[in-house]
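Colleague: Sequence lines, in order, name chains A and B.
Mapped onto the UniProt record's numbering, the consecutive letters of the first sequence carry residue numbers 1 to 554.
Mapped onto the UniProt record's numbering, the consecutive letters of the second sequence carry residue numbers 1 to 554.
I should point out that these hints are in silico values taken from the structure, not numbers from a laboratory.
Built from N, CA and C at the ideal position, the CB exists for glycine as well.
Be aware that a few hints might be false.
[Stated by the list, open to error] Within a straight-line C-alpha distance of at most 30 angstroms, the following computed DSSO-like cross-link-like pairs (lysine-lysine) qualify:
1. K65/B <-> K349/A
2. K433/B <-> K360/A
3. K504/B <-> K526/A
4. K342/A <-> K338/B
5. K338/A <-> K400/B
6. K338/A <-> K433/B
7. K504/A <-> K526/B
8. K338/B <-> K338/A
[Unchecked claim] Stretch by stretch, here's where chain A covers chain B in the computed footprint (C-beta under 8 angstroms, at least three residues):
9. 44-54
10. 333-344
11. 384-395
12. 439-451
13. 470-482
[Unchecked claim] Simulated restraints on C-beta separations:
14. R455/B <-> S365/A: 34 to 42 angstroms
15. S313/B <-> E371/A: 31 to 39 angstroms
16. M174/B <-> A212/A: 39 to 47 angstroms
17. S523/A <-> S313/B: 54 to 62 angstroms
18. S115/A <-> E495/B: 27 to 35 angstroms
2 protein chains.
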Amino acid sequence: MSKGNQKLQIIPLGGLGEIGKNMTVIRYEDEILLIDSGLMFPEEDMLGIDLVIPDITYLLENRDKIKAIVLTHGHEDHIGALPYVLKQISVPVYGTRLTLGILEGRLKENGVDSSMLHPVMQGDIINVGCFSVGFIRVNHSIPDAVGLSIKTPLGMIVHTGDFKLDYTPIDGKMTDFRRFSELGNKGVLVMMADSTNSEREGHTPSERTVGAAFDKAFHNCRSRIIVATFSSNVHRIQQVIDTAVRYKRKVAVLGRSMVNVVNISLELGYINAPEGTIVDIDEIGNYPMSRIVIITTGSQGEPMSALTRMSMSDHRKVGIVPGDTVIISATPIPGNEKLVAKTIDNLLKLGANVIYGRNKGIHVSGHASQEELKLMHNLVRPKFFIPVHGEYHHLVQHAKLARELGMPKDHIFIAENGSVLEFTKDKGAIVGKVQAGMVMVDGLGVGDVGNIVLRDRRQLSQDGILIVVVTMDRATSRVVAGPDIVSRGFVYVRESEALMDEAKARVEQALEKCEEEKITEWSTIKSNVRDALGRYLFDKTRRRPMILPIIMEM
Amino acid sequence: MSKGNQKLQIIPLGGLGEIGKNMTVIRYEDEILLIDSGLMFPEEDMLGIDLVIPDITYLLENRDKIKAIVLTHGHEDHIGALPYVLKQISVPVYGTRLTLGILEGRLKENGVDSSMLHPVMQGDIINVGCFSVGFIRVNHSIPDAVGLSIKTPLGMIVHTGDFKLDYTPIDGKMTDFRRFSELGNKGVLVMMADSTNSEREGHTPSERTVGAAFDKAFHNCRSRIIVATFSSNVHRIQQVIDTAVRYKRKVAVLGRSMVNVVNISLELGYINAPEGTIVDIDEIGNYPMSRIVIITTGSQGEPMSALTRMSMSDHRKVGIVPGDTVIISATPIPGNEKLVAKTIDNLLKLGANVIYGRNKGIHVSGHASQEELKLMHNLVRPKFFIPVHGEYHHLVQHAKLARELGMPKDHIFIAENGSVLEFTKDKGAIVGKVQAGMVMVDGLGVGDVGNIVLRDRRQLSQDGILIVVVTMDRATSRVVAGPDIVSRGFVYVRESEALMDEAKARVEQALEKCEEEKITEWSTIKSNVRDALGRYLFDKTRRRPMILPIIMEM
Chain A
1 MSKGNQKLQI IPLGGLGEIG KNMTVIRYED EILLIDSGLM FPEEDMLGID
51 LVIPDITYLL ENRDKIKAIV LTHGHEDHIG ALPYVLKQIS VPVYGTRLTL
101 GILEGRLKEN GVDSSMLHPV MQGDIINVGC FSVGFIRVNH SIPDAVGLSI
151 KTPLGMIVHT GDFKLDYTPI DGKMTDFRRF SELGNKGVLV MMADSTNSER
201 EGHTPSERTV GAAFDKAFHN CRSRIIVATF SSNVHRIQQV IDTAVRYKRK
251 VAVLGRSMVN VVNISLELGY INAPEGTIVD IDEIGNYPMS RIVIITTGSQ
301 GEPMSALTRM SMSDHRKVGI VPGDTVIISA TPIPGNEKLV AKTIDNLLKL
351 GANVIYGRNK GIHVSGHASQ EELKLMHNLV RPKFFIPVHG EYHHLVQHAK
401 LARELGMPKD HIFIAENGSV LEFTKDKGAI VGKVQAGMVM VDGLGVGDVG
451 NIVLRDRRQL SQDGILIVVV TMDRATSRVV AGPDIVSRGF VYVRESEALM
501 DEAKARVEQA LEKCEEEKIT EWSTIKSNVR DALGRYLFDK TRRRPMILPI
551 IMEM
Chain B
1 MSKGNQKLQI IPLGGLGEIG KNMTVIRYED EILLIDSGLM FPEEDMLGID
51 LVIPDITYLL ENRDKIKAIV LTHGHEDHIG ALPYVLKQIS VPVYGTRLTL
101 GILEGRLKEN GVDSSMLHPV MQGDIINVGC FSVGFIRVNH SIPDAVGLSI
151 KTPLGMIVHT GDFKLDYTPI DGKMTDFRRF SELGNKGVLV MMADSTNSER
201 EGHTPSERTV GAAFDKAFHN CRSRIIVATF SSNVHRIQQV IDTAVRYKRK
251 VAVLGRSMVN VVNISLELGY INAPEGTIVD IDEIGNYPMS RIVIITTGSQ
301 GEPMSALTRM SMSDHRKVGI VPGDTVIISA TPIPGNEKLV AKTIDNLLKL
351 GANVIYGRNK GIHVSGHASQ EELKLMHNLV RPKFFIPVHG EYHHLVQHAK
401 LARELGMPKD HIFIAENGSV LEFTKDKGAI VGKVQAGMVM VDGLGVGDVG
451 NIVLRDRRQL SQDGILIVVV TMDRATSRVV AGPDIVSRGF VYVRESEALM
501 DEAKARVEQA LEKCEEEKIT EWSTIKSNVR DALGRYLFDK TRRRPMILPI
551 IMEM
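Based on the sequences and whatever the hints tell you, model everything.
Modeller: This is the structure we're talking about:
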């Protein structure tokens with residue numbers, strides 16, 4: 001292949017058309033750079049599934065070409081699949097210190113070696129095969145987040161990562177505008193940018209505004225304060241600590257993931273607390289309630305979290321007492337609204353004063369709104385644009401925004417997971433598709449639950465199951481014992497004896513009919529039983545439980 | 001009992017601490033008036049349940065005392081339980097014409113006679129036993145809604161119903177401020193008021209503002225327009241028709257409940273359309289697409305609805321074509337966000353232009369925000385106040401608002417379903433509790449699915465079921481045939497043969513051990529099998545499927 005024909009490919013393997021499991025392949029000839037390896041939480045209809053990771057068939061098929069994995073930040077939707085990926089692919093992983101600190105914990109839990117992790121600093125540039133990768137500081141709802149500049153033989157790629165533009169960040173470290181602007185001046189071939197908030201008008205407020213709301217809440221409070229937020233929101237936690245110090249309160253940390261992140265962050269210097277500010281949760285009894293702040297998980301109403309347990313008077317260490325002030329410093333993620341409302345109701349019933357809701361200033365997003373996206377586009381001025389990180393409507397809205405900024409329509413690519421985007425110095429196109437999709441993780445099983453199993457779980461969940469067991473003579477196909485019917489999840493049998501008796505009679509009739517008609521094929525007998533019983537039950541109850549005939553042969 | 005001891009009771013049987021199944025008892029001595037009989041849609045963890053109605057044990061126990069049921073409006077959460085209630089209790093039902101029109105359809109579907117329905121007009125006052133009930137016009141997201149004035153021997157009760165204050169309503173008929181004010185002037189003992197939007201600051205916009213947004217959308221559109229909204233939002237439908245007429249488009253109606261409500265409304269005069277404006281859905285092919293508007297259901301992404309089917313290219317009559325404009329004229333009800341987002345994504349992928357979201361002006365709420373609630377409190381100036389219609393946090397917020405308006409704390413009652421509130425002319429208190437709660441409806445079964453069945457459905461939905469069948473000799477307790485293991489919803493068996501083989505071996509070992517130890521008690525044998533298999537499977541998969549051992553005896 002002559003030099004002029006060489007092509008640069010971008011292949012998103014996750015994160016397009018969905019919120020979660022972000023993963024992108026950058027490929028030039030036989031060299032691959034992988035950006036992020038995130039997980040996604042299961043959709044409602046994925047019954048019993050714990051989490052979802054990207055299908056990495058493409059990576060496994062091109063295993064020897066992968067030079068490195070680079071990480072943008074330490075959120076689950078960007079690093080959560082690594083324990084699974086790194087079990088199958090052994091390559092160096094580059095990320096900032098906090099990102100790797102959090103990742104290390106995850107790898108340890110999964111028994112995966114972490115010797116391939118290599119820390120970088122915001123601002124670093126590393127060489128990986130033919131690529132030169134720069135880590136550009138961005139503001140997000142977790143510290144140490146980066147966007148990426150990826151210099152390739154055909155031109156510069158910029159990936160914003162998850163970002164916002166915070167002019168007054170807690171740690172004083174702003175999104176590195178200058179670097180993005182510099183890259184824009186030199187010429188950027190392709191930009192991929194965060195689309196999560198592309199439907200939101202205006203500008204996402206600074207994280208610092210939350211501190212002001214905390215101050216107001218603390219100022220008015222003479223009782224204990226409990227703040228629930230995302231464990232990864234280290235700047236939020238810092239603001240709770242800062243406010244606590246100002247109001248002379250001790251801070252206790254509660255909830256497994258919160259304790260983990262606070263410990264890592266203290267160790268790495270991402271959280272600063274004056275000596276003696278943070279006390280063990282077991283020691284809070286040594287202080288008056290009015291001198292205590294508890295930082296905890298459970299802002300999403302997660303059933304097993306500390307706040308949810310407290311709200312149900314079911315926590316081993318902390319019980320809500322009337323007068324407690326609880327601040328829910330988070331917005332419900334779509335799908336969690338009802339769980340959060342239930343938690344709030346339970347806290348209110350226990351006599352707590354609960355501060356929650358969008359208009360209280362106690363939470364801000366970590367993603368750029370429309371005006372910030374416009375600024376990023378204007379700084380980077382890429383030739384081609386791929387909106388990433390978002391459901392399809394977010395991507396469409398982000399593409400629309402780019403068009404409004406003057407970008408030609410055919411320079412914008414709304415791609416999907418598996419799309420192969422190919423670029424030369426002046427052309428770009430979607431040229432094909434590789435295998436991509438999701439792999440469901442259920443317990444220790446990775447990918448062993450598929451559509452058939454899920455379909456069965458769905459039917460079982462709706463109307464339960466009836467098992468019909470009958471013992472038959474192998475030679476004569478005559479009933480030797482049974483039929484017995486056992487049901488689960490269908491009706492409360494003690495209250496529906498007549499129904500079950502009649503059900504059994506219908507099965508007996510069906511079996512007799514089979515005998516009369518000399519049907520000896522067991523699959524036919526089973527299907528006749530299933531039909532007769534199903535019809536009867538639907539007629540009587542308008543339900544369609546799973547019916548499972550089992551023939552024991554003698 | 002002397003006259004001075006007689007007491008007035010208010011007993012909410014539904015709608016407190018929840019959105020839905022509104023039902024309130026007003027009792028004076030031996031006379032009961034019932035307000036509304038609503039249903040609720042099931043919570044996420046009520047697997048397979050179709051709908052939830054109030055527990056009416058109290059009503060059945062006091063059946064002979066009930067003089068009438070009065071209805072505030074025709075939404076499901078106010079009339080949806082009537083098919084079930086009226087099967088058990090035969091009393092006159094009073095409501096406005098549209099309310100009864102919609103109710104009649106529901107009763108017919110359920111085979112319930114509707115001869116006890118008595119229409120009233122907004123403004124009417126009727127006598128029911130010792131009560132005199134006035135129907136006061138209010139604005140809501142359905143026409144013909146009313147609040148109630150209930151004159152009792154001990155004083156006046158005012159129930160706002162679901163309401164908002166719309167100064168520019170579509171039909172020109174405003175909430176009857178004067179009547180509420182008049183009642184306030186004469187003195188109101190107790191007010192119950194809608195709390196749904198008690199957390200929302202300011203004033204809910206007028207329904208008419210949606211018309212302006214429609215006009216803008218229609219003005220810019222050269223293609224077909226599809227508008228999805230709630231079928232009961234008759235004024236919204238009227239505005240679609242009005243806008244269509246202005247832009248010389250024909251209107252077709254799609255979706256069973258939409259067709260029903262439009263027909264009833266046309267018949268009763270709640271919708272007005274110039275001759276020839278509304279065309280049959282089968283006739284839309286006779287017009288250019290740019291001359292067509294389709295009004296349809298599916299604004300909540302409901303799986304079986306017309307819009308959802310269209311979005312999945314699965315509708316018998318209408319397929320989305322690129323360029324179609326789809327207006328989602330509704331906000332997702334909490335819990336439906338993901339379904340709605342998926343529908344939008346599917347429509348966008350088919351090339352539709354989709355107008356959706358909070359900031360587009362294409363939807364307004366039907367419930368009063370804080371400023372409207374304040375006005376209502378100031379008009380009615382009740383001695384006692386019970387916030388109703390809302391989750392606990394809504395009630396708490398409404399109570400707080402009342403306190404801020406100067407009402408003494410001990411004159412405000414945050415009650416729950418079943419609370420017995422007792423009032424004299426100058427005192428009020430929660431004095432007790434009657435049976436109240438929910439009854440789950442699944443298919444034809446009313447109340448036959450309880451916690452045990454739901455718990456089983458939950459376990460089945462998470463990890464499926466394994467059925468172990470073994471035939472044993474009655475006399476010797478020896479295995480005659482089996483064990484056979486059948487699984488559903490656990491793993492895809494073809495890919496997990498080794499696991500299932502080993503599982504079978506574990507069961508065989510357990511059975512052998514029982515034989516060796518001469519265990520003949522079948523319940524012990526079953527539990528040993530269940531334990532051995534459960535331990536093995538959890539160890540290998542970290543899943544806990546239901547394990548159901550069945551012994552067939554010979």
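Colleague: Quick check: which numbered hints come out false for this structure?
Modeller: Those not satisfied are hints 1, 2, 17.
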